[in-house]
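Visitor: Protein chains in written order, with the working numbering: chain Z, 35 to 395; chain U, 5 to 160.
There may be inaccurate statements among the hints.
Label-pair ranges, simulated between beta-carbon atoms [what the hints assert, rightly or not]: (1) Leu109(Z) / Arg51(U): 29 to 39 Å; (2) Ala219(Z) / Val149(U): 50 to 60 Å; (3) Thr154(U) / Leu100(Z): 52 to 62 Å; (4) Ser85(Z) / Arg55(U): 54 to 64 Å; (5) Thr154(U) / Leu183(Z): 42 to 52 Å; (6) Gly146(Z) / Arg55(U): 25 to 35 Å; (7) Glu88(U) / Glu372(Z): 22 to 32 Å; (8) Glu188(Z) / Pro146(U): 19 to 29 Å; (9) Thr154(U) / Phe77(Z): 49 to 59 Å; (10) Arg323(Z) / Thr154(U): 22 to 32 Å; (11) Pro191(Z) / Glu140(U): 57 to 67 Å.
If you are wondering where the hints come from, they were derived from the structure by calculation, not from laboratory data. Model, not experiment: these values are computed from the prediction. Ideal Cβ placement from N, Cα and C applies to all residues, glycine included.
Here's the letter readout for the chains.
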Amino acid sequence: MKATIWLVLLSALLAPVPATAITLEAADSRVSILGYMDLQYSFMERLPTCSTGCPTITSTPVVSSLDSSRANLILRVDREQMRAAVNLFSGNGYQSDGSGSQGRFEVMEAYGEYRHGPGLILRGGTFLAPFGIYNEIRYAISLFAPVVLSTAYEPLPDYAASGGLPHLVPDAANGMVSGALGAGALDYALYVGSGERQASGMDENRDKAVGGRLQWHPSKSLSLGASAYTANDDPLGTTIHGRRRHGMLSLDWHPGNTTVQWEYLRVTCAADTVNAHSQYLRVSHRIGRVTPFVGYDHFQDRPNPLYADGMARWSAGTGIEVSPNVYLKAEYHYHHFETAAVAAAGLDRAQMVRLAAIVVF
Amino acid sequence: MRVAAAGVLLGMLAGTVVVSAGARAEDASEPIVVIANPVFGNIELTRSLVRDAYLGELRYLGNIAIAPISLHERHPVAQAFLDEVMGMSENQFKSWWIKRIFRHGDVPPMRVMDSAEMIARVLATPGGMGYLSQSELPPGVPLTVVWRFTPQPATP
Chain Z
35 MKATIWLVLL SALLAPVPAT AITLEAADSR VSILGYMDLQ YSFMERLPTC
85 STGCPTITST PVVSSLDSSR ANLILRVDRE QMRAAVNLFS GNGYQSDGSG
135 SQGRFEVMEA YGEYRHGPGL ILRGGTFLAP FGIYNEIRYA ISLFAPVVLS
185 TAYEPLPDYA ASGGLPHLVP DAANGMVSGA LGAGALDYAL YVGSGERQAS
235 GMDENRDKAV GGRLQWHPSK SLSLGASAYT ANDDPLGTTI HGRRRHGMLS
285 LDWHPGNTTV QWEYLRVTCA ADTVNAHSQY LRVSHRIGRV TPFVGYDHFQ
335 DRPNPLYADG MARWSAGTGI EVSPNVYLKA EYHYHHFETA AVAAAGLDRA
385 QMVRLAAIVV F
Chain U
5 MRVAAAGVLL GMLAGTVVVS AGARAEDASE PIVVIANPVF GNIELTRSLV
55 RDAYLGELRY LGNIAIAPIS LHERHPVAQA FLDEVMGMSE NQFKSWWIKR
105 IFRHGDVPPM RVMDSAEMIA RVLATPGGMG YLSQSELPPG VPLTVVWRFT
155 PQPATP
């Protein structure tokens with residue numbers, strides 16, 4: 035299976051002129067194969083970390099890794115008003131130490147969709163929940179933004195270990211009604227999901243998740259969004275966080291070749307174990323094939339021993355579009371932990387460098 | 005293994021199709037007509053509307069699902085259309101659609117190999133719109149000619 039997938043990827047890239055996708059077309063249906071994969075070098079200085087309760091703050095080791103961070107293979111079949119799609123994902127496919135998924139592909143999304151018209155689209159299956167600007171394409175965000183995602187979408191790796199949530203944005207949804215109203219001026223999405231699942235992927239809790247997103251487009255270059263989501267991680271009486279509520283505001287503005295993006299995320303839990311704010315502002319400007327950017331990201335979670343007073347990240351970098359199918363990225367990120375206990379441990383500053391090559395088709 | 009071989013064949017097929025399209029050159033200095041399925045009736049299909057349709061930014065006009073159809077990217081008339089109507093290079097158009105496919109899950113314009121196939125597809129597809137050399141459009145075909153333009157000669 036794995037060999038088959040990589041042969042398809044390879045054959046697509048060896049085609050004399052790589053197309054936007056491999057597409058087989060018939061009079062009333064289309065089969066498209068899309069691919070995304072990257073190779074990343076990452077250098078990260080020591081980060082503060084601690085286990086729940088945080089008796090002492092220790093540090094993670096310095097990271098210097100080169101690996102295939104993400105690979106996705108997406109099969110879409112469109113037939114008249116219907117669509118079926120499968121999104122296969124492999125993370126850290128080639129880490130030599132045997133960690134990650136070791137090259138195994140897993141099903142990230144699998145769904146069917148019926149488009150009754152622009153204002154009514156029904157979807158069922160398992161798919162990434164619409165939330166904020168990027169959540170439903172978070173596997174391919176590097177195509178649109180820096181390789182290092184904002185803390186709203188990807189908290190630093192020590193956050194969950196220190197008592198935080200495993201993710202601050204919704205995971206998968208299972209049923210959705212969506213559409214565009216007012217000649218495309220307003221997009222809406224309302225969805226339900228199984229909520230928090232076990233590591234096995236099983237849905238063993240009693241409560242289901244609901245969420246939604248509204249995106250208003252007052253002009254072709256401006257989008258304003260609001261997202262909300264709630265779920266309860268009560269897997270058969272072993273509640274840790276209780277009912278959680280997530281809200282996000284988004285601004286996505288594209289004046290000319292410039293892109294300005296701002297998002298603010300708020301997450302709370304019934305058990306008061308999480309009370310998080312995250313926001314970022316990023317400005318990029320495209321000059322031919324080169325798109326430099328600068329960004330600021332701030333994350334705070336008051337009950338968390340590492341992030342009680344917040345953490346700021348300043349970023350600068352650039353993306354280069356070598357061709358429509360190949361992108362290079364180079365980024366520098368500087369982190370400053372504002373919590374006194376972290377500073378006392380001498381771990382309040384950390385630098386990170388990320389280099390990446392991305393191939394899409 | 006059989007499935008793997010099919011994957012390789014699929015990629016090779018994509019390449020073969022491109023090569024054969026490149027060999028079929030037509031005179032790109034002839035006037036080009038933008039055509040549409042009669043289902044559009046009296047709706048005025050302006051240049052910016054057609055551009056938005058080919059960019060995937062306009063998918064419906066009323067209850068009509070717009071189905072833009074492109075000649076293959078290496079076809080000289082396709083390149084003239086990209087220059088004159090879209091104001092984009094071939095690479096810029098590809099790059100736009102790659103991002104659009106991932107970001108919005110949209111389906112890019114269907115591609116056809118030549119004018120005869122373009123006419124057949126636009127006729128058979130409610131909401132279909134396309135373009136071709138004016139001389140390739142036989143008289144009496146029940147298609148709406150939206151507008152026509154003459155490609156500017158390339159500057160040396």
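Visitor: Quick one: which hint numbers does this structure break? Sort them smallest to largest.
Guide: Hint check: 2, 7 and 8 fail, others pass.
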